[in-house]
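Peer 1: Per numbering that gives the first Met the number 0, residue 0 is the first one in the sequence shown, and the count goes up by one each step.
Among these hints, one or two may not hold up.
[What the hints assert, rightly or not] Derived lysine-lysine pairs resembling DSSO-like cross-links, with alpha carbons at most 27 Å apart: (1) 76 to 61; (2) 41 to 76; (3) 69 to 22; (4) 92 to 76; (5) 51 to 69; (6) 22 to 51; (7) 51 to 76; (8) 41 to 22; (9) 61 to 92; (10) 101 to 69.
[To be verified] Label pairs and their calculated CB-CB ranges: (11) 35 to 70: 41 to 51 Å; (12) 24 to 77: 18 to 28 Å; (13) 87 to 58: 16 to 26 Å.
Note that these hints are calculated values from the structure, not bench results. For clarity, every value in this text was computed on a predicted model and none was experimentally measured. C-beta atoms are modelled at their ideal positions from N, C-alpha and C, and glycine is treated no differently.
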Amino acid sequence: MSILWKGDGKEMDAEMLGSKNDKTYTRRISQVGNSLSVSIPKDLATMLNLNKGDEIEIYYDKERGEIVMKRANRIPKEVRPEVVMAMNRAISKYDEALRNLKYR
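Could you put together the complete structure from these sequences and hints?
Peer 2: Right, here's the structure in full:
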């Protein structure tokens, strides 16, 4: 079983993350109340821009045999789905141009 991170429009598996840092992390599963938990190393959390209090979604991808974690979508209830879809289309269409503005 492996863990896959989906965030900021990128998918990174443990190999990709490890090769970027030249580190492999081994974590021990601990118990907090009735749940099990795994801590995220600080340098990995920094690289993925994860902070205390951030919400993530976790699910099991049976086909790939992977636990997948991704940043939770936090869209306010008052925002209509068609507005979100239009915004996502615009971002997809102009993504490169918007990223290039960052370096001007």
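Peer 1: For this structure, which hints from the list above don't hold up?
Peer 2: 1, 2, 9, 11, 12
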